[in-house]
Amino acid sequence: MTIPWLTLLIAAPALGAVLTALVPAGRGTLAKQVAIAFSLLSLAIAIAVIAQFELGADRYQLVEQQAWIDALGIYWALGIDGIGAALIALTAVATPIVAMAMWPEAEAEKRDPKAFFALLLAVEALIFTAFLAKDVLLFYIVFEAMLIPLYFMIGMYGGPQRRYAALKFLLYNLFGGLVMLAAVIGLYVQSVDAGNASFLLTDLVALDIPVETQRWLFLGFMLAFAIKAPLWPFHTWLPDAAAEATPSNAAFLSGVADKVGTFGMIALAVPLFPAAAAEFAPVIVVLAVISIVYGALLAIGQTDMKRLIGYTSISHFGFIVLGIFALTERGATGSTLYMINHGLSTIALFVIVGFMISRRRSRLVADYGGMQKTTPKLAGVFLFAGLSGLALPPLSTFLSEFLVIAGTFEQYRAAAVIATVGIVLAALYILWLYQRTMTGPERADIGATRDLGRREIAVVTPLIALILAIGFFPRTVVDVIDDGVGPTLAEVDVEAPPPLVSVTDHAAEGNDE
Amino acid sequence: MNSIMTHGLAAQAEVHQVVRDASGLISSTWLLIAFPLLGAAVLLLGGRRLDKTGHLIGTAASCLSFVMAVALFVAMLGESGDARAFNVPLWEWFNAAGYQVEVGLLLDQLSMAFVLLITGVGSLIHVYSIGYMEHDERRRRFFGYLNLFVAAMLLLVLASDYLILFIGWEGVGLASYLLIGFWQHKPSAAVAAKKAFVVNRVGDMGMVLAIASMIVVFGSSSFELVFAGAGDAPTSWLNALGLLLLLAACGKSAQFPLQSWLLDAMEGPTPVSALIHAATMVTAGVYLVVRSAAIYDLAPEARTAVVLVGTITLLMGAIIGCAKDDIKKALAGSTMSQIGYMMLAAGLGPAGYAFAIFHLITHGFFKANMFLGAGSVMHGMNDEVNMRRFGGLRAAMPVTFLTFALGYLAIIGIPPFAGYFSKDKIIEAAFADNILIGLCALIGAGITAFYMTRVMLMTFLTSKRWAEDVHPHESPRVMTWPLIGLAALSLVGGAALLYVGGGIVEWLEPVTGEEHHDLPLPVAALIAITLVVVVAGVAVAWLLYGRRPVPVEAPAGNPLTVAARRDLYGDAVNEAVLMRPGQYLTRSLVYVENRGVDGAVIGAAKAVGGLSARWRRWQTGFVRSYALTMLTGAGLVVVAMLLVRLP
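So the protein lines, in turn, are chains A and B. Per our numbering: the first sequence ends with 513, consecutive numbering throughout. Per our numbering: the second sequence ends with 1647, consecutive numbering throughout.
Incorrect hints may have been included.
Here are the simulated EDC-like pairs of lysine to aspartate or glutamate, each with C-alpha atoms no more than 20 Å apart in a straight line [claimed, not checked]:
hint, chain 1, residue 1, chain 2, residue 2
1, A, 377, A, 451
2, B, 1186, A, 442
3, B, 1186, A, 445
4, A, 377, B, 1515
5, B, 1186, B, 1326
6, A, 373, B, 1051
7, A, 377, B, 1051
8, B, 1195, B, 1571
9, A, 373, B, 1571
10, A, 377, B, 1136
Note that these hints are calculated values from the structure, not bench results.
Could you build all of it, start to finish, from the sequences and the hints given here?
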């Protein structure tokens, strides 16, 4: 019997969530240990899954398919492609790191911390399912279902305005979900009309949907994803959530969970409705460019560190969406790589800001200054995370940002040029934040602050190592992603023009001279 | 794979050089970068236990790299003149949808010249810093950053692909940021560091878009394929590429209009100013233009732009240099101006590429020499930088004075010192190209003589104007020996580079090509005129500063002096055109975001559902039931649709 690896991957964190929730009240430490153990188990399974992934083999691999509700054509259908593999890796790596960072945060709360960890694992299981689902209804269900644990995570733990932020998060995303549901049903109707009632992605992609219908369905899916991702002007829930959630929760939310939105764009919206995607692409490219510049300008204007990082994410999501809807293979590959790198870099930033907040009990930039003198290690990792945020080569974020710009330049010159303004603005918001918090004379009111402790170093080290490793040796990651992006974009009828100058011929002539 | 790097116009000398795969010692070229990179890693991660030995580790790493460079140079000399280019492939970086980038190095005559300059001057400055930073508690970290800089700069000049070059390009930017802001407790240093990085990023936009354009045009950003294809590319694209690369070069090399960061960068420790902001990093823009010769050769408009930028900057920098009382800022203005000369030469195409590099190298010698001399003066004067507080230091610091004097004679172009040969060649080439540009270069030489004489007089000659409790003394030998080394190079470097073994022009010819234009007047006449202008500059400075006492307080000055003191209003323009509108935009966006966009959504939500009344209920756990209701509802809708659709 073959091992259902993908179901196992989902089952491990799900079981972990249940077991963590079952830990008796008052045994907080045990709950944390159980949660971290299961997040590591999930990581191990994820590694096993990705190790089995073969380049250039089937489009979807390790496929599992069980009829769920036969009459309606609903399946428990899972499969992994290059895009999914990359995002599974991100999620599996990020969860234990976030869990470790949550450790003291949960303690600082007066509440029982076990719920926090149980919810985290529940979200992990749901995110895995979303990245693996090959049944559109299954995707929809987990897409919506993950809002509930996330809602509680934001609403129960965090800053004074957390309830407001959690509610805003929920209402925005539920609204998007509702519209998407209508589109899911509409899509299903198309498949019924075609005589084969099915929610299977492969069946639905094969449908020949008229363009007029595609438009509506595409917009329905896109709205949900654009809220989740989030794209300007649907973004305003994110800064509130980022500011009010605990730092590690904010890291998980914008670093990992929101990637389901951009994943949905590239893995569902584009291949399901290729004609509509091509038609709406120019509009979305404009929104993406606005997001890049708008998010960056707003980040520059913030006084709250976590809000600031929230806005930088809006700018970065703008890059991700831009690369996808440039509809070039290079751009989309860059975007998928960007999803991973943005995850690593944003988690690092949020978590490190969390370290700072745990020392000074303030989110405000103005309450910091001159810290590099007393806490050089903290300043060092903060600068590193910041540099990865501003995409300094050869850190991993650089390659993804460059590929997005280069891929966009092939199709939309002006958009690519405006997007590069983002690299100047990124330098400004990151270095200004660093300048105001870490440099300058030592402040009397800050006094002796302790530098990074062992647990804190353990949290940031894997992030730094990955950012460097992918930066120096991105080849395998890029190959895996490209393996999934190629066939996805093949659904859309946009072909990149070959280079103007065919250089290889010329070099051959040169040799003859 | 062997290939031919070929470029050039049909009418001009065509450049051919076989690029061979490296073997033997040359295949270990990567060690050049590995030594300082390892040094940086050890020093920055090693922690306090290396505080006592850190400076030695850092210096050793740089010196090892220099030894390696010399060995490679010798190996290269063993090859015939047009077979001195080698590919050193390392690993495949990535392949994204057919765009393939290999991490690899190209060691040829041009990169070799830079490698020797970077590791040679770099090692001397490492040695000097042992003394200069002796009392700084963060000396280990300083050497770590210096090593990081050397590694990044070597990658910049050795990369064989524009995207890999960009890694070095940003790496030196990072090192520059860290070192300008090394004394982070000073807010002015932190601000200057950030400014340098951000202004450089404006230039980086040009680099990123240039590489993106190369992908569109050539499908690659490797030197080999781009240069081979340049001949077949449309001129409009080549001009665009040339202008985008020029934008990048302007950022890194502090050329107009991105010059404003360099003067502020003097906040960094003086060895940093000498190494990064005089001898090496700021000249990277010139390297970029010369390296891209294959593109510029075929992009006449872009080349004109390079010439104009260089000419404007050479005059601007010189004028700024005349008005500064801060010795480092006077030298920084001078650096801007001298790089302007190099840019001007680079913009002249094959007629000027080699001279641009020639002047770049001699400038590296004499400017590093003078910056380190200024550092030595500051070291002896309690870190005073105001030249109005110097005077008469000749006697107190004889070694510093004599070495500085050699640098001075070199930069103003007195034969036979280094700058005479290199600058004179540029002035000649400029005249041959365009009489107006030639005149600007000539006037620049006069102004250079003026401001450098002013620095010389105010610092070492004239009467003492020292602050109380200052007791100038000569610097320790660990600092004076590098000065002596650089002074010797300022003395003989020019003649040696021009004449020994065919000279640098012949050495570079396989990479840059060569071209001669006829001068409108005899060379000897031009040399004579240049010397007269230089002597006139010296004389005016003597009349203003040598014969009259130098006031301790700066006089009000005429409008031009006031403008020059304020960097010719570069910052004022930036502030009025970019900063203030930017701040206003950001503030209004924040306002609109908080009140407008968000307010509209929340307001609408409240209005629609009378939500405010139910607000409280949402917050007490009803949401769960709401969500579950929604899911159930969704299921019902599906069933309903099916009932309608499926009979």
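Restraint check for residue 377 of chain A with residue 1515 of chain B, where alpha carbons must lie at most 20 Å apart = violated (55 Å)
Distance restraint between residue 1186 of chain B and residue 442 of chain A, which requires alpha-carbon spacing of 20 Å or less = Roughly 10 Å between the alpha carbons, so the hint for residue 1186 of chain B and residue 442 of chain A holds.
Straight-line alpha-carbon gap residue 1186 of chain B to residue 445 of chain A, limit 20 Å = Answer holds: residue 1186 of chain B to residue 445 of chain A is near 18 Å, not above 20 Å.
task = Could you grab the alpha-carbon distance between residue 377 of chain A and residue 1136 of chain B and see if it respects the 20 Å cut-off?
result = Given that 20 Å is the threshold and the Cα spacing comes to 19 Å, the pair holds.
ask   = Between residue 373 of chain A and residue 1051 of chain B, is the straight-line Cα distance small enough, at 20 Å or below?
value = holds (16 Å)
ask   = CA of residue 377 of chain A to CA of residue 451 of chain A, is that 20 Å or under?
value = Holds. Residue 377 of chain A to residue 451 of chain A sits at ~6 Å (cutoff 20 Å).
ask   = Straight-line Cα separation of residue 1195 of chain B and residue 1571 of chain B no greater than 20 Å?
value = Between residue 1195 of chain B and residue 1571 of chain B the Cα gap is close to 11 Å, so the pair holds against 20 Å.
task = Please work out if residue 1186 of chain B and residue 1326 of chain B have their alpha carbons no farther apart than 20 Å.
result = holds (18 Å)
query = Would the pair residue 373 of chain A and residue 1571 of chain B pass a check requiring their Cα atoms to be no farther apart than 20 Å?
reply = With a Cα-Cα distance of about 30 Å, the restraint between residue 373 of chain A and residue 1571 of chain B is violated, given a limit of 20 Å.
ask   = Is the hinted pair residue 377 of chain A and residue 1051 of chain B satisfied, with a Cα-Cα distance of at most 20 Å?
value = holds (16 Å)
Hints 4, 9, counting from the list given before, are not met by this structure.
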